[in-house]
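Protein sequence lines correspond, in order, to chains A and B. Using our numbering, the letters of the first sequence map in sequence onto residues 1 to 283. Using our numbering, the letters of the second sequence map in sequence onto residues 1 to 809.
Misleading hints may appear alongside valid ones.
[Said to hold, decoys possible] DSBU-like, lysine-lysine: derived pairs with alpha carbons at most 30 angstroms apart:
no., chain 1, residue 1, chain 2, residue 2
1, A, LYS96, B, LYS668
2, B, LYS286, B, LYS64
3, B, LYS64, A, LYS29
4, B, LYS64, A, LYS42
5, B, LYS121, A, LYS29
The set of hints was computed from the structure by calculation and includes no laboratory data.
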Amino acid sequence: MIPASFDYTAPTTLADALAALAQGGDDAKILAGGQSLLPVLKLRMAAPGLLIDLGKIDELRGVRMEGDTIVVGAMTTHHDVIADPLVREHLSLLAKTTEQVADAQVRYRGTLGGALAHADPAGDLGAVAVALDAQMRIAGPNGSRSVPASQFFTDYFTTALAENEILTGIAFDSFAGWGAHYEKFHTVSQAWSTVAVAAAVLVAGGTVTAARVALTNMGPTPIRARGVEAALIDGPASDDAVRAAALAATQGTAPVDDATAPAAYRSHLAQVLTGRAVLAAAG
Amino acid sequence: MTTTEAPPAEIGRPRTRKEDQHLITGHSTFTDSMVLPGMVHLAMVRSPLAHATITSIDTTAARKAPGVVGVWTGRDFPEQGGLACAWPITPDMKSPVHLPVPTDTVNHVGEIVAVIAARTKAEAVDAVELVDVQYSELPVVTDLAAARDGSAPVIHGDLGTNVSATWVFDSGAAGTGGDASAAIEAARSDPDQIVVERTFRQQRLIPAYMEPRSTVCDPNGAGDQITIWSATQIPHILRTMLTLSQGIPEGKLRIIAPDVGGGFGGKLEVTPEEVATIMVARQLGKPAKYTETRSETMMAAHHGRDQIQHLTMSARKDGTITGFDVDLTANMGAYLALVGPGVPILGAFMYNAIYKIPAYRFSCTNVFTNEVMTDAYRGAGRPEATFAIERMMDELATELGMDPIEVRRRNWIRHEEFPFTTVAGLTYDSGNYEEATDKALRHFGYDDLRAEQQRRRESGDRIQLGIGTSTFTEMCGLAPSRVLGSLSYGAGGWEAASIRMLPTGVVEVVTGISPHGQGHVTGFSQIVADRLGVPFENVKILHGDTNISAKGLDTYGSRSLAVGGIAVVKAADKVIAKAKTIAAHLLEASEDDIDFAHGSFTVRGTESSVTIGDIALATFTGHNLPDGVESSLDSEAVFDPENFSFPHGTHLCAAEVDTETGKVTIRKYVAVDDVGVVINPLLVDGQVHGGLAQGIAQALYEEAQYSADGQLTSGTFVDYLVPSAVDLPDYITDKTITPSTSNPLGVKGVGEAGTIASTPAVVNAVLDAVRQFGVADIPMPMTPARVWQAIQDGSTAAGSNSSSTGGAA
Ligand SMILES: Cc1cc2nc3c(=O)[nH]c(=O)nc-3n(C[C@H](O)[C@H](O)[C@H](O)COP(=O)(O)OP(=O)(O)OC[C@H]3O[C@@H](n4cnc5c(N)ncnc54)[C@H](O)[C@@H]3O)c2cc1C
Numbered sequence: 001m002i003p004a005s006f007d008y009t010a011p012t013t014l015a016d017a018l019a020a021l022a023q024g025g026d027d028a029k030i031l032a033g034g035q036s037l038l039p040v041l042k043l044r045m046a047a048p049g050l051l052i053d054l055g056k057i058d059e060l061r062g063v064r065m066e067g068d069t070i071v072v073g074a075m076t077t078h079h080d081v082i083a084d085p086l087v088r089e090h091l092s093l094l095a096k097t098t099e100q101v102a103d104a105q106v107r108y109r110g111t112l113g114g115a116l117a118h119a120d121p122a123g124d125l126g127a128v129a130v131a132l133d134a135q136m137r138i139a140g141p142n143g144s145r146s147v148p149a150s151q152f153f154t155d156y157f158t159t160a161l162a163e164n165e166i167l168t169g170i171a172f173d174s175f176a177g178w179g180a181h182y183e184k185f186h187t188v189s190q191a192w193s194t195v196a197v198a199a200a201v202l203v204a205g206g207t208v209t210a211a212r213v214a215l216t217n218m219g220p221t222p223i224r225a226r227g228v229e230a231a232l233i234d235g236p237a238s239d240d241a242v243r244a245a246a247l248a249a250t251q252g253t254a255p256v257d258d259a260t261a262p263a264a265y266r267s268h269l270a271q272v273l274t275g276r277a278v279l280a281a282a283g
Numbered sequence: 001m002t003t004t005e006a007p008p009a010e011i012g013r014p015r016t017r018k019e020d021q022h023l024i025t026g027h028s029t030f031t032d033s034m035v036l037p038g039m040v041h042l043a044m045v046r047s048p049l050a051h052a053t054i055t056s057i058d059t060t061a062a063r064k065a066p067g068v069v070g071v072w073t074g075r076d077f078p079e080q081g082g083l084a085c086a087w088p089i090t091p092d093m094k095s096p097v098h099l100p101v102p103t104d105t106v107n108h109v110g111e112i113v114a115v116i117a118a119r120t121k122a123e124a125v126d127a128v129e130l131v132d133v134q135y136s137e138l139p140v141v142t143d144l145a146a147a148r149d150g151s152a153p154v155i156h157g158d159l160g161t162n163v164s165a166t167w168v169f170d171s172g173a174a175g176t177g178g179d180a181s182a183a184i185e186a187a188r189s190d191p192d193q194i195v196v197e198r199t200f201r202q203q204r205l206i207p208a209y210m211e212p213r214s215t216v217c218d219p220n221g222a223g224d225q226i227t228i229w230s231a232t233q234i235p236h237i238l239r240t241m242l243t244l245s246q247g248i249p250e251g252k253l254r255i256i257a258p259d260v261g262g263g264f265g266g267k268l269e270v271t272p273e274e275v276a277t278i279m280v281a282r283q284l285g286k287p288a289k290y291t292e293t294r295s296e297t298m299m300a301a302h303h304g305r306d307q308i309q310h311l312t313m314s315a316r317k318d319g320t321i322t323g324f325d326v327d328l329t330a331n332m333g334a335y336l337a338l339v340g341p342g343v344p345i346l347g348a349f350m351y352n353a354i355y356k357i358p359a360y361r362f363s364c365t366n367v368f369t370n371e372v373m374t375d376a377y378r379g380a381g382r383p384e385a386t387f388a389i390e391r392m393m394d395e396l397a398t399e400l401g402m403d404p405i406e407v408r409r410r411n412w413i414r415h416e417e418f419p420f421t422t423v424a425g426l427t428y429d430s431g432n433y434e435e436a437t438d439k440a441l442r443h444f445g446y447d448d449l450r451a452e453q454q455r456r457r458e459s460g461d462r463i464q465l466g467i468g469t470s471t472f473t474e475m476c477g478l479a480p481s482r483v484l485g486s487l488s489y490g491a492g493g494w495e496a497a498s499i500r501m502l503p504t505g506v507v508e509v510v511t512g513i514s515p516h517g518q519g520h521v522t523g524f525s526q527i528v529a530d531r532l533g534v535p536f537e538n539v540k541i542l543h544g545d546t547n548i549s550a551k552g553l554d555t556y557g558s559r560s561l562a563v564g565g566i567a568v569v570k571a572a573d574k575v576i577a578k579a580k581t582i583a584a585h586l587l588e589a590s591e592d593d594i595d596f597a598h599g600s601f602t603v604r605g606t607e608s609s610v611t612i613g614d615i616a617l618a619t620f621t622g623h624n625l626p627d628g629v630e631s632s633l634d635s636e637a638v639f640d641p642e643n644f645s646f647p648h649g650t651h652l653c654a655a656e657v658d659t660e661t662g663k664v665t666i667r668k669y670v671a672v673d674d675v676g677v678v679i680n681p682l683l684v685d686g687q688v689h690g691g692l693a694q695g696i697a698q699a700l701y702e703e704a705q706y707s708a709d710g711q712l713t714s715g716t717f718v719d720y721l722v723p724s725a726v727d728l729p730d731y732i733t734d735k736t737i738t739p740s741t742s743n744p745l746g747v748k749g750v751g752e753a754g755t756i757a758s759t760p761a762v763v764n765a766v767l768d769a770v771r772q773f774g775v776a777d778i779p780m781p782m783t784p785a786r787v788w789q790a791i792q793d794g795s796t797a798a799g800s801n802s803s804s805t806g807g808a809a
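With the rest of the complex left out, here is chain A:
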């Protein structure tokens, strides 16, 4: 398991990284935590000529408040996301989901930005970004732009990022006070999600007043379950009502069909897990 040889650079500023990326062209690849990229290189499924390591760029790391917005630097590791007090207060769905990503070793190196840029349909964090309407902050040769999560994921392992762009941060509104839960279904703890559901809800006096629900691995990209949200809002946070609303979870999905999990089974799981996620989030 040895990658093909490549050049390596570790700039200390975003500007230098963008310049290196512009120069390297399509032969260059961004290296974040390496948890997804290195296996790809070792299996020789890709052989970029240049790796640009973002690990030494301080401005891409850490969580900060910008007015009412919480911005998580793209290079913030899963471990740091989980431990961050701002995340815990305002984005408990992100904290709870990240806790369920991989194992401690991977969480010490893997980054939120890397996970989202990698856009594995079985990855857990895309659903959080989609559910919470995150804004993906992107820097490129011509300046910065911001793309809503709903438009960021375009296909299997494909995002709105151009080859010469870098994801710099993920901006969220505050969800302080919301109940949140990530219901992850996998066969063994090391395995990726067969299907999973991210849910955040606001409940007042037993009634759901706001709901965000998104699905992992029910199609090429994370899917916002708007039908479920609509069915939940203004309804009781009761077992029966939530499970009935959860039946809408299959709307607009296109789950893969393979030997380990047939599509019909995944669709069924989406409904069951949505019910469980929302009920758990509603506490």
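Please arrange chain B with the ligand on chain A, whose structure you already have, making use of the hints.
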């Protein structure tokens, strides 16, 4: 001299492992750590196709690549001999030639078609992509049943068939019991009997040892010695087989198994990679190293299990079994592995298990497919057998509406009936199935769990509970040489040991077994410390180097303690006997008046004594020995067991099934094992825990899958799901101790027990939870999708049944 208190016995102490400090402080010496001057690194070009003719191989570009020292195709190794199978189970067994680097045809994905040597590993790997191999595809066979019934294309044209051999045991013919076919036929027309017929699939498993296989060969030893370091379980067998298959004189070969990181049977092999490494090193006259990647382990190292089991059992309505017929189809893969053909045959003696079955027939047909070879994997034949019989006991109980424990009680050998000669012709020396079962039931809280199960059923709870039983035995301590001879196995089953008494008090013990993670160094030190009355710390165990341990048959089949440990005991007893003569001389007493205890020889009735260490020193100086006595206490011994040992136990599993998702969670697992006398309870628990993990993994998680065109689709740990501690329950382990009567320590063997026992316990538990929905069976591994689907299908079937009896349209 004051009388001192006897030191605490070493046998039975939970000693932590002597081996561990070296391993966990970064000082380990695995084969891949080996660096020799001038060493070249190898990489393999492997076939991406399951069955094809090699039409051309162009190595020009690879030869010119940076750092490349040489590229070899099969034709560049005119000296290569076919890899040998050591177990011709029948005289007419068909065995294709298995070249380490094939010249004309590839028969499974991952076969080596070219070998690259380069100055660095990275350069070798880079050059792999530059070798251009052209193939012409041939039809691929992956279907066992089609391979057997002749409907699939023949893989090895010269053999004319995909069937390698059929091996039959019939208790009627053998005189060990009745005629099973007749018994089952009679039962079919007997209103007081029932016949239960089932087909089970033993899926393919991958022995996922931690250390990938690795070989280093130095062809330039003094005196023409060829030194080979290999991540192997079998340095001695490797040496002999390399001579037999590759024609290298045995005297030139020194094999070293340094630290070896697990094997589970997966390193009980003479591999194409080992031979290729040796051939390159010899051709270049330079040391060569090859270490495989994990992907290569998954794809090209041998797999385990993979059988279709067709089972027919007849029984009286009170639950007494009257006949049992076993018909197996076993997948050998593309070639016959070292002991591959014999693995299912080892099970032949175990399908009757702990039960008094009056008539028994076993037939196994070994077939070829375009998949990687199968061979030993933890339990080797016995997990398959135990699964079949323990599943059938539950099926019988279900058919008769009896409690599964009660059905077993009706049939098992009672403790007062030992020694007991079984319908398969083995004599079980000892056992107490009643005691182990009673103990397990107490730990388990059987009645409470049954009550909870009932409550959950009645309330229609989303989580249903099931209880699974496995009352198992196994044959361990492989093996009495005469038995192996009667099965046409290519070697004996003895084990060797020698002891060297050093002048400074150190006892060097050389054993022919080859530990690779079990803790034998610790256990054997305890045995020798007790036997010779020396401190545990003073015992040094040497193994795994044919220049140090010249004689041995290595480690597999739960044999290391039950055979290898006994050889050590025999060698120690010889030391004591020799020392006694010298002690009598030094103490000026008659040998008949000398007692030996706790390391001291004492003249009976006096306080006059001398320690064994004093005598070792006396033989070193040689100043004062009796006339005609050699100046050495050192000894050698070989132990050939007269019988197997038969560990047994009762395992109980409570499994929760989430009926909405199909997910299985093990709620409680009790394992009461009788492994005879326990040398070190910590090591025994470790073996049981690891064994349980692997057995549970077969039931719930692991499966090597091939697509119809012979591609391994579970080639990484993303798809081949090995559970971790988080996925497994806390185990409640306990033991009963019925000493084996066939060896002086009373030990039986524990390496495979957990794996053998646990798979049917888990499967029985899951089925017990979901039979209420009309589910009859769920293939292993019982993944959530399969369990959920079975509940859907079962409910549909049950629903349509009730509607048809209800007359609804
Ligand atoms: C054993 C294991 C188990 C795992 N299990 C899970 C799991 O259960 N759930 C889950 O969600 N994930 C899981 N992961 C993946 C983990 O979350 C990774 O951390 C993540 O997918 C990639 O993050 P990274 O920082 O390592 O990115 P890298 O591997 O460095 O990069 C991934 C890709 O994104 C690109 N990239 C990275 N950062 C940027 C950026 N800022 N701008 C533009 N492009 C960028 C890279 O060029 C590359 O193509 C697992 C990984 C491993 C190794």
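Would you mind confirming whether the straight-line C-alpha gap from A:LYS96 to B:LYS668 stays at or under 30 angstroms? This hinted pair holds, its Cα atoms lying about 28 angstroms apart.
B:LYS64 paired with A:LYS42 [C-alpha distance capped at 30 angstroms]: Given that 30 angstroms is the threshold and the Cα spacing comes to 23 angstroms, the pair holds.
Has the given pair, B:LYS64 with A:LYS29, been kept, meaning a C-alpha gap of at most 30 angstroms? Given that 30 angstroms is the threshold and the Cα spacing comes to 29 angstroms, the pair holds.
Would you mind confirming whether the straight-line C-alpha gap from B:LYS286 to B:LYS64 stays at or under 30 angstroms? 20 angstroms, holds
Is B:LYS121 close enough to A:LYS29, meaning Cα to Cα at most 30 angstroms? Holds - the C-alpha atoms of A:LYS29 and B:LYS121 are around 24 angstroms apart, at most 30 angstroms.
Checked against the numbered hints above, the structure breaks none of them.
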